[in-house]
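From first to last, the protein sequence lines are chains A and B. Quick note: the first sequence uses my numbering, first residue 1, plus one each step. Quick note: the second sequence uses my numbering, first residue 1001, plus one each step.
Treat the hints as calculated values from the structure; they're not laboratory data. Hints may contain errors.
[Stated by the list, open to error] Here are the computed lysine to any residue pairs in the SDA-like style, where the Cα-Cα straight-line distance is at most 25 Å:
1) B:1214 / B:1157
2) A:2 / B:1193
3) A:97 / B:1193
4) B:1103 / B:1016
5) A:257 / B:1185
6) A:3 / B:1011
7) B:1103 / A:105
8) B:1057 / A:122
9) A:179 / B:1011
10) A:215 / A:22
11) B:1103 / A:228
12) A:9 / B:1207
13) B:1154 / A:228
14) B:1011 / A:105
15) A:9 / B:1196
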Amino acid sequence: MKKSLLTLKYLVLIIFVLVSIFPYYWMIITSLCEHEWIGNPTIFPIPPYLGCFKNALFDYPFLRWTLNTFIISISGTLGCLFFASLAAFSFSCLQWKFRDLIFYVLLSTLFLPAFLMVIPQFLFIAEIGWMDTYWGIFIPSWFSMITVFLLRQYFFSIPNEILNAARIDGANLWQIYWKLVIPNSKIVLMTLFVFNFVGQWNSFLWPLLVTQSNKMDVLAVGMASFGGDFNITYNQIMAGSILSLAPILLMFIFLSKYVSKGLEMRIT
Amino acid sequence: MNENKMGIPVKGIAPFLFILPILIGTGIFSFSCFLYVIRLSFLESNLFGSSAFIGLKNYYYLLFESEYFYVALIHTLYYALCSVPLNLFVGLSLGFAMYSKIKYGSFFRFVYLIPWVSSGVIVALIFKYAFSPHWGIVNWLLGNLGFEEIRWFKQAETTIPIAATMGAWQTMGLGMIIFLGAINSIPKNLSEAASLEGASTLQIIRYIILPLIKPTIFFYLVFCFINAFQVFNVIYIFMQGVVGPDDAMGLRGATLTSAYFTYILAFRGSQFGRASATAILMFLIMLSALLIQRRFIGRKITPL
């Protein structure tokens, strides 16, 4: 390849790296300043001021929000993977009448957009008294047909011979599912776990509707309430933002390959 | 491999037991809720539980009487108009830049995906801060260049491009992965042959790669369009504190998009009937986008 073209490529790549990183850099700088910045910006405040982090952590139920987010993300994701893998197992490894018909009918729910469905779902949750509860937030996310779809695609790659051999050896269906199919799908399950976890952690609209008390808020909703409060300065908001981004970014550092894998799975 | 022939033949109710949780869950949260929202759109429904059947009146109100429905629709289209080309441009540039042997490829991939795993709310807060009137870095830069301070969130003309830029910034990693995948799937010998024949890199891109990834481009266009129609989080954050209390629901002066309009109708105004009708109209528009996509590139699943 010509040298000029290669230079251009790296130039584009580096520009986008700067574009991607700069807002985070700016967020960190602001959070370490003592006052809301009015004059000239600094490259890095010396000495860094940590008071904003202290405010965010202790003046607001920030730790509680983190715990809430963690609880709903874990419960939502695990439940979703369990029920989706059960269904995907039946839709791929078992052969029965109307199997594919039922699958495609269920799959059609993918076309229902979130902002349409939240209205009836909200009224339903309110009707059965699940407002402001953890399960009100995470139970609706258990039934994810896109996860069923992706797992089913993967389960199809398990050879029929193996399934039949297990059957002949006297394994019942639950054993085939739990001892053969699940252990063989660890990587894909991990990928979907990371992917769904990130989605749950960042979900906003549904928790916003279901939570009513400040104590039940998740991070996204709590941070949004920061944004609407005139008494909170931007450096405090940025400190809170860093704290609420930290867990998911830490996870991403170690598991980033699962995220890009999950994206590739979803789009192809 | 034929899907239908896969799996162990099983009789009885065992297969149903495995799908039972999903069957019940989607039955409640998707199918009944969908029917319910259709029914709601024909009702005059408010918080106090009184609901009367009023036929198509909600739709009539939205299409012919409401001053906000078309405003929201135009803003949404404006957002789509800003964000779709921007997304495409960013995704394609990154896809081409990442293509073929790149040093530190996994590092770049990691960096471009950071915005994508970040919460939309947090990202919106950062952008709101950057464009805020007194403390924002953008106004500071403009001030140094001799321009006057701009109130970015006062009017939709500026709010929506900012929101669209933020959206494109957030999805750059996704665009990169999609287009990199598409370019990588083109057989290498095609471009090698062209290169031997003396074609320049630009010619290869123009005459070989671009035509071959056309379906992906089209898929991504529709994907971005559908996402644009659902833009909510960023508008919600941008509008906090901007909306004056001069009318009950805070519609006036706000940069309404359709999803945000639906949200306000339902959850601030408790007008569930009208909100449902709005959402259904939006749903129909999105569905037609999908049908067009299907016509052009065949079956490909685009979850809404």
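Which of the listed hints are broken here?
-> Hints 1, 3, 4, 6, 7, 10 and 11 not satisfied by this model.
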